[in-house]
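With these hints in hand, go ahead and build the complete structure from the sequences.
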Amino acid sequence: MWKNNVLIAPRGTSQMDTFLETRQKGFYRGFTTGLIRQTVYATSRLGLYPHIRRGLLESEVRLGLKDNSDITRASLIERASAAAVSGAVASFLSSPVDVCLVLQTTNKERVSLPAIIGSVWGASGVKGFWRGYGALGTRAAIGGASQIGVHDHILTHLRQYNARRATPFQDNWVINTASFCTSFICTVVSMPFEYARVQLSMESKKPRGVPRRYTSTFQCLGRVLREEGLATIYSAFFPFWCKYLIHISVCFFVLEYGNRELRAQKARAQGLTLVLT
Numbered sequence: 011m012w013k014n015n016v017l018i019a020p021r022g023t024s025q026m027d028t029f030l031e032t033r034q035k036g037f038y039r040g041f042t043t044g045l046i047r048q049t050v051y052a053t054s055r056l057g058l059y060p061h062i063r064r065g066l067l068e069s070e071v072r073l074g075l076k077d078n079s080d081i082t083r084a085s086l087i088e089r090a091s092a093a094a095v096s097g098a099v100a101s102f103l104s105s106p107v108d109v110c111l112v113l114q115t116t117n118k119e120r121v122s123l124p125a126i127i128g129s130v131w132g133a134s135g136v137k138g139f140w141r142g143y144g145a146l147g148t149r150a151a152i153g154g155a156s157q158i159g160v161h162d163h164i165l166t167h168l169r170q171y172n173a174r175r176a177t178p179f180q181d182n183w184v185i186n187t188a189s190f191c192t193s194f195i196c197t198v199v200s201m202p203f204e205y206a207r208v209q210l211s212m213e214s215k216k217p218r219g220v221p222r223r224y225t226s227t228f229q230c231l232g233r234v235l236r237e238e239g240l241a242t243i244y245s246a247f248f249p250f251w252c253k254y255l256i257h258i259s260v261c262f263f264v265l266e267y268g269n270r271e272l273r274a275q276k277a278r279a280q281g282l283t284l285v286l287t
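Residue numbers (our numbering): 11 to 287.
Calculated from the structure, these hints are not laboratory results.
Any given hint could be a false lead.
Cβ-Cβ distance ranges computed for the label pairs, FRET-style [said to hold, decoys possible]:
{"no.": "1", "residue 1": "His167", "residue 2": "Ser24", "range": "37 to 47 Å"}
{"no.": "2", "residue 1": "Ala241", "residue 2": "Pro217", "range": "26 to 36 Å"}
{"no.": "3", "residue 1": "Phe102", "residue 2": "Pro217", "range": "18 to 28 Å"}
{"no.": "4", "residue 1": "Glu119", "residue 2": "Gln280", "range": "54 to 64 Å"}
Under the rule of at most 27 Å between Cα atoms (straight-line distance), these lysine-lysine pairs were calculated in the DSSO-like manner [claimed, not checked]:
{"no.": "5", "residue 1": "Lys216", "residue 2": "Lys35"}
{"no.": "6", "residue 1": "Lys118", "residue 2": "Lys253"}
{"no.": "7", "residue 1": "Lys35", "residue 2": "Lys276"}
{"no.": "8", "residue 1": "Lys137", "residue 2": "Lys118"}
{"no.": "9", "residue 1": "Lys118", "residue 2": "Lys35"}
Predicted, not measured: the structure shown is a model, and the values here were computed from it.
Here a beta-carbon is modelled for each residue, glycine too, at the ideal position from N, C-alpha and C.
What follows is the structure in structure tokens.
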């Protein structure tokens, strides 16, 4: 909510003014829509990533580019590539909900999800639900690469380093350290595309025939850079980083904790000791 309102606020509006305006609207406006969006997007992205990563590594082995498909030896580029593909596919599936969420959270009045769907359909037809997908897909691919791929890479190396320490840190600290680093990198890299995505989603509520200020991701970014400068694109950096920090920390902690416990149970059943790498 806060991030979207900062991105559409008039130039010169302070973060605090936008925060207070968001509080007045209600921090949980669009909660149901946001929950649906996360159910589709996060599940698809996280579910597809390990399969795409494994398929990529196995393909490289078959082509003679690698000796083996050991996941722990995958490079950052390999992890990022798999994450980018999973993010782009997941964003295509969640685009209709994303468009509705932006319009719902930035509307001055409280509007239900069915009403938003009706307004988008009436203004742009079915294509309206994928308006701005270029920005959304690009942001999701870059966000996936800089979030899932980077987190996977950082966590793998931190665990390997931690295993060599005389007194290793608790694994939960290692997971959270990887999440903190990842959230900052991901915010810096994907902020421009998030800005373009929100602006293009706002265009979808304009009636047919009305001239559109932004027509594509790079046209939007180019125009804003020329007319307003880089600071406008990064105006919502802090709320966007807060969003990523919370999301990445919770998401990957739950995911890694669950995976760790499952692996530990399997190891105990075989009479082995689990070593995290």
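Now for the hints, and whether the structure bears them out:
Checking the proposed 37 to 47 Å range against His167 and Ser24 shows it holds: the Cβ atoms sit about 40 Å from each other. A C-beta distance of roughly 32 Å is found between Ala241 and Pro217, which places it inside the suggested range of 26 to 36 Å. Look at Phe102 against Pro217: about 26 Å separates their beta carbons, and that is inside 18 to 28 Å. At about 59 Å, the CB distance of Glu119 to Gln280 agrees with the hint of 54 to 64 Å.
About 22 Å separates the Cα atoms of Lys216 and Lys35, which keeps this hinted pair within 27 Å; it holds. For the proposed pair Lys118 and Lys253, the alpha carbon gap of about 22 Å is at most 27 Å, so the pair holds. Simply put, Lys35 and Lys276 have alpha-carbon atoms about 49 Å apart, too far for the 27 Å limit, and the pair is violated. Taking the CA atoms of Lys137 and Lys118, the gap is near 24 Å; set against the 27 Å cutoff, the hint holds.
Proximity of Lys118 to Lys35 is assessed by CA-CA distance (about 8 Å); at most 27 Å being required, the pair is judged to hold.
In summary, the structure is inconsistent with hint 7 from the numbered list given earlier, while agreeing with all the others.
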